[in-house]
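Colleague: If you read the protein sequences in the order shown, they are chains A and B.
Residue numbers 1 to 107, in the numbering used here, belong to the letters of the first sequence in order.
Residue numbers 108 to 730, in the numbering used here, belong to the letters of the second sequence in order.
It is worth saying that the hints were derived from the structure and are not from the lab.
Computed Cβ-Cβ distance ranges for the label pairs, DEER-style:
| hint | chain 1 | residue 1 | chain 2 | residue 2 | range |
| --- | --- | --- | --- | --- | --- |
| 1 | B | Gly117 | A | Asn15 | 19 to 27 Å |
| 2 | B | Gln464 | A | Pro66 | 51 to 59 Å |
| 3 | A | Asn15 | B | Arg463 | 29 to 37 Å |
| 4 | A | Ser8 | B | Met413 | 41 to 49 Å |
| 5 | A | Asn15 | B | Glu184 | 43 to 51 Å |
| 6 | B | Asn284 | A | Glu82 | 20 to 28 Å |
Covered stretches of chain B (in silico footprint by chain A; criterion: 3 or more residues with CB under 8 Å from a CB of chain A, positions within the stretch not fixed):
| hint | stretch |
| --- | --- |
| 7 | 111-117 |
| 8 | 140-150 |
| 9 | 244-254 |
As the structure is a computational prediction, the values presented were derived from the model and not from experiment.
Every residue gets a Cβ at the ideal spot worked out from N, C-alpha and C, and that includes glycine.
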Amino acid sequence: MAITLTDSAAKHVQNFLSKRGKGVGLRLGVRTSGCSGMAYKLEFADETGVDDLHFVSGGVTVLVDPKSLPYLDGMELDYTREGLNEGFKFNNPNVKDECGCGESFKV
Amino acid sequence: MALLQISEPGLSAAPHQHRLAVGIDLGTTNSLVATVRNGISVVLNDAEGRALLPSVVRYLADGNVQVGESAQAMQSEDPINTIISAKRFMGRGLSDIRDTLGVPYRFVDAPGMLQLRTVAGVKSPVEVSAEILKVLRARAEEALAGELVGAVITVPAYFDDAQRQATKDAARLAGLNVLRLLNEPTAAAIAYGLDNASEGVYAVYDLGGGTFDISILKLSRGVFEVLATNGNSALGGDDFDQRIYCWLLEKNNLSALNAQDTRLLLTRARASKEDLTKHAETSLTALLSGGETINSMLTRQDFHVMSQNLVANTLQPVRRALRDAGLKVEDIKGVVMVGGSTRMPQVQRAVAEFFRQTPLTNLDPDKVVALGAAIQANVLAGNRSADDWLLLDVIPLSLGIETMGGLTEKIIPRNSTIPTARAQEFTTYKDGQTAMSIHVVQGERELVSDCRSLAKFDLRGIPPMVAGAARIRITFQVDADGLLNVSALETGSGVEAHITVKPSYGLSDTEITRMLQDSNQHAQDDMLARALREQQVDAEQLIEAVENALVQDGAELLNQAGQTRIRASMDGLRAALQTADHQAIKRAIAALNDTTVTFAQARMDKSVSHALGGRKITDLEGV
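Could you build the full structure based on these sequences and the hints that come with them?
Modeller: Rendered as structure tokens:
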């Protein structure tokens, strides 16, 4: 079971965390909403929950709650640029179907 | 798939519901847009990687509009249709713009705000600014891949209601929802995180391309008050380029150049100025249209010498601002540098020496205002947790109404945090009065004539009653952008009238700045004027009284020499009256009183003896 960050993603997360000046790492998760059923959660983490699973990738601590993990297991988080836009991209092997914009998905 | 940004804990947006908000620095020379991404405020670049959008709009005959670099490139070729510095005209009437000689535009005087006649028709400065905002909005929506929920737009601290309203109108025209207008120096202070400190007084030194502004801000309990602003609307980085240009002409024995060569050398001068921030010397080369080559070396030292009085000229307004705020250099906790021209080492050194501390320069001075605006926009859009308090802003000048005798009654004092609402009760002045005219004014002075008139409206239908019986409640409401709503309610009958202040656009920047800065000094002036009027009234009364006395009793009670002496003294007072010096008048009054003391005694004796039937007043002593 693992969640990984690409070099680019890890570098950006570290940069954002250091500029933000606080936070223990990155929290990933899913919740049920959106046009295709599930939506990603991507947040700074200020504290660790008791049930949280920890992954360290590229020097970044990633926290995932146990309920979300099955949806995210094996996923790679990337940071990419598309035209003027830039941001994080989820390469998630569990996804069977996603809405046009990719913000929500089905497994 | 969509690209996601990291949210604050617990604030992940639902799909398709990202609260995208931007901060916009709508500048005189350049404009920028910034946003908070992954918790960090960043400026959004255009497709060519440029952050700064020149605030230049060119109107074409076919109805197309060019904005930014492409418009700027056509500035000398098509000056009439290429509008630069539209910000200077926002909310201004033609009479406010004193110096129209230097600009090539065909102004049209319109009620409220001046307009510009272009090949594409008559355009108001609001429309010109909206073109700039549209480009920034499109850039932001492309970069953020979504629609904006709103924007925070910055304005100079000294902008009045008319200028703020015009800025808001421009945003609306560009399809932007204005979350808040924010003072530029306040935005710069936020970018540096100064709002996280508990309190303190900060100076914001803003030297842009063509303008210089100094603001003294006081932070207390999360509120930035603007204590004083000052500046010079005709001093900026361009003047430094000009100095190098003149030096080039002199060194190369060049006289009048054509427009193209002038432009070329100014561009070279600017490049060498920028080069000298990093290097001790720089070379300037240019090939003029006549075939001459220019090749000169400029050292940083020489540049500093030739520009030192420009630097000194910025410190003059700084001193005035400190004096207006009633503060000393030691009271300033931090100095924020804004504007590209503050990159010049001699400017940084002069500011450091003046304030006896190292100014804050680690953020890009061109971007700092936009970065601060973006942070504020992010908070207002709801992307920060609720325990982050909301930074408040203040109204720049007191708001009030006119009362009997042309006096101002302040209802909301300046530096009140906004949004705010205050009410005060007024009453009728005459028996049976059924209407009341409400005149809304803005300013610090006691007399309405010295303040700015914002609006007038009537409350009608007050039931007739004796003077002073009606109770009229006047409510002033200022929204978060500093815009004003006034309502009047007669509480007995419930008749009501209200107005949203559509400002009359009538005051120049310099006047606004003066009103803000000099309220103390004017208080002094007002006092002196009153003292003078009082002495003048006293003097006129005395002259009249003495004149009458001389006519009645002069010949009888005074010899020729005595009369001459009194007449000479009266002439002295008349002469003093011609001066506007209340002290001189006071002295002349005293002198005339002294000269007439025996005459007055004699007259009193005479009238008393007349009344008492011939006895001398001294005879009555001891009675």
